[in-house]
Amino acid sequence: MRIQVSRTGGFAGIARHREIDTSGRADAHEWEALAASALTGGREASATGVPDGFSYRITVDGRTVHCADPRLTDAQRALVSRVLKEGA
Amino acid sequence: MQPRSQHESRPVFCTIVPPHVLDKLSQSDDPVLAGPARRTLEADAARRTRRQVTTFVRPTISQEPADDSSGKPDRTLYDCRHGTDLPGTKVRAEGEDPTSDASVNRAYAGLGATFDLLLSVYGRRSIDGNGLPLIGSVHYDEKYNNAFFDGEQMVFGDGDGEIFLDFTVAIDVIAHELAHGLTQYTANLNYYGQSGALNESVSDVFGSLVKQYSLGQTAGQADWLIGAGLLAPRVQGVALRSMKAPGTAYDDDVLGKDPQPASMDDYIHTGEDNGGVHLNSGIPNRAFYLLATALGGSSWERAGQLWFDVLTGGELAVDADFASFARLTVAAARSRFGEGDEVEAVLKAWSEVGVPTA
Numbered sequence: 001m002r003i004q005v006s007r008t009g010g011f012a013g014i015a016r017h018r019e020i021d022t023s024g025r026a027d028a029h030e031w032e033a034l035a036a037s038a039l040t041g042g043r044e045a046s047a048t049g050v051p052d053g054f055s056y057r058i059t060v061d062g063r064t065v066h067c068a069d070p071r072l073t074d075a076q077r078a079l080v081s082r083v084l085k086e087g088a
Numbered sequence: 001m002q003p004r005s006q007h008e009s010r011p012v013f014c015t016i017v018p019p020h021v022l023d024k025l026s027q028s029d030d031p032v033l034a035g036p037a038r039r040t041l042e043a044d045a046a047r048r049t050r051r052q053v054t055t056f057v058r059p060t061i062s063q064e065p066a067d068d069s070s071g072k073p074d075r076t077l078y079d080c081r082h083g084t085d086l087p088g089t090k091v092r093a094e095g096e097d098p099t100s101d102a103s104v105n106r107a108y109a110g111l112g113a114t115f116d117l118l119l120s121v122y123g124r125r126s127i128d129g130n131g132l133p134l135i136g137s138v139h140y141d142e143k144y145n146n147a148f149f150d151g152e153q154m155v156f157g158d159g160d161g162e163i164f165l166d167f168t169v170a171i172d173v174i175a176h177e178l179a180h181g182l183t184q185y186t187a188n189l190n191y192y193g194q195s196g197a198l199n200e201s202v203s204d205v206f207g208s209l210v211k212q213y214s215l216g217q218t219a220g221q222a223d224w225l226i227g228a229g230l231l232a233p234r235v236q237g238v239a240l241r242s243m244k245a246p247g248t249a250y251d252d253d254v255l256g257k258d259p260q261p262a263s264m265d266d267y268i269h270t271g272e273d274n275g276g277v278h279l280n281s282g283i284p285n286r287a288f289y290l291l292a293t294a295l296g297g298s299s300w301e302r303a304g305q306l307w308f309d310v311l312t313g314g315e316l317a318v319d320a321d322f323a324s325f326a327r328l329t330v331a332a333a334r335s336r337f338g339e340g341d342e343v344e345a346v347l348k349a350w351s352e353v354g355v356p357t358a
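So the sequence lines, in the order shown, correspond to chains A and B. Last residue of the first sequence: number 88 in the working numbering, and the count goes up by one each step with no gaps. Last residue of the second sequence: number 358 in the working numbering, and the count goes up by one each step with no gaps.
Simulated from the structure, these hints should not be mistaken for lab results. Just to be clear, a hint being listed does not mean it is correct.
Unchecked claim - With a straight-line cut-off of 30 Å between C-alpha atoms, the simulated DSS-like cross-links for lysine-lysine are:
id : chain 1 : residue 1 : chain 2 : residue 2
1  : B       : K72       : B       : K90
2  : B       : K257      : A       : K85
3  : B       : K143      : A       : K85
4  : B       : K90       : B       : K143
5  : B       : K348      : B       : K244
6  : B       : K143      : B       : K72
Because the structure is a prediction, the values reported are computed rather than measured.
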């Protein structure tokens, strides 16, 4: 499974793009479950969000959802922070 | 969220000397003229405020303003304790002693300084003109590299220490967030494209003005940086943005190079960042810097007053582009100061950044 996260906006307006390929990873199941949960609460259209808030685009195997701070589900927050930290 | 009126009610306000004349006098080099005029303006502002308060019918159960007779902000600070539930745990209310948490105290002071500029200089009582309580939350999430305004309150992260430090360290950043509230209650500029970049720029302008006002700096003395002191020591840069020279605030291996354009020639067309609201804001930011430094003296007096007039005047459309905003600043200069140096300086500032005013 390929999980991509883009974070745009924010006070500094600096974008971050990272992705994780779960194939061959020992924790692949954990990633896949988290990614599936994150997709559930997302919106199809991009969200304008609040002033200076981060906007996120999550793409899992070609399916994309959008969300924005501060209204992220727990799964979305966990996924974006892990992918942005551990992804390449 | 508080209901927000499309057209603010303006109190009937009579005085013998028109406010714009007092403004002119208050800027006079002659202290005999300037002192009394400035005091009168301040007294007028207080009176306008009282009049608004007397006409406000308070619900029987509600949070009481800290001081009915105006003058004082009503701040409450919360601590998210590294979680994301807002507002978090209440840690400091208006009038309470400083806490042992420097982030709380900095946010409290920053909100106070912004309230003070709005009231003392522009006669506006809080961001809604009616004493709205100011709410801030610190320590949002873990190592959170951001600060934002969620429509009701300000939220500050601690930064990760690698790229950004605590977002409360910069008073202009705190004021920037509060100014988003001011915009929301006035022109309510759409947060997308050019109107979004104007929304951002207005927040940078008032952020910088609060910093200059609190430090007692003239336009010539100010650093015109946004977020100075916010970058971690290892980052190559001086701040997040430069109003004086957009595109020069940082150039770093991890952070990249400051992408802001300084004129319309380099306007960035993008779908990211709500159409580049934090990027293209460099253009109106520089126009304000050029105007303020051309006029000299205290930026909040003439340049800031014009921006405040346009933001609160009721003619700025929610989807205004740079050119509409620029035309309104010219009209504001004409109406407040008549034909003269101010109008010329406004026209020149926009011309230098490539925004048409005709």
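Hints and how they fare:
1. Note on K72(B) and K90(B): the hinted pairing holds, with a Cα-Cα distance of about 20 Å set against a maximum of 30 Å.
2. For the hint pairing K257(B) with K85(A), the CA-to-CA distance comes to about 21 Å; that is within 30 Å, so the pair holds.
3. A distance of roughly 11 Å separates the Cα atoms of K143(B) and K85(A); the hinted pair therefore holds under the 30 Å criterion.
4. Only pairs whose Cα atoms come within 30 Å are accepted, and K90(B) paired with K143(B) is accepted, the gap being roughly 21 Å.
5. Only pairs whose Cα atoms come within 30 Å are accepted, and K348(B) paired with K244(B) is accepted, the gap being roughly 15 Å.
6. Only pairs whose Cα atoms come within 30 Å are accepted, and K143(B) paired with K72(B) is rejected, the gap being roughly 33 Å.
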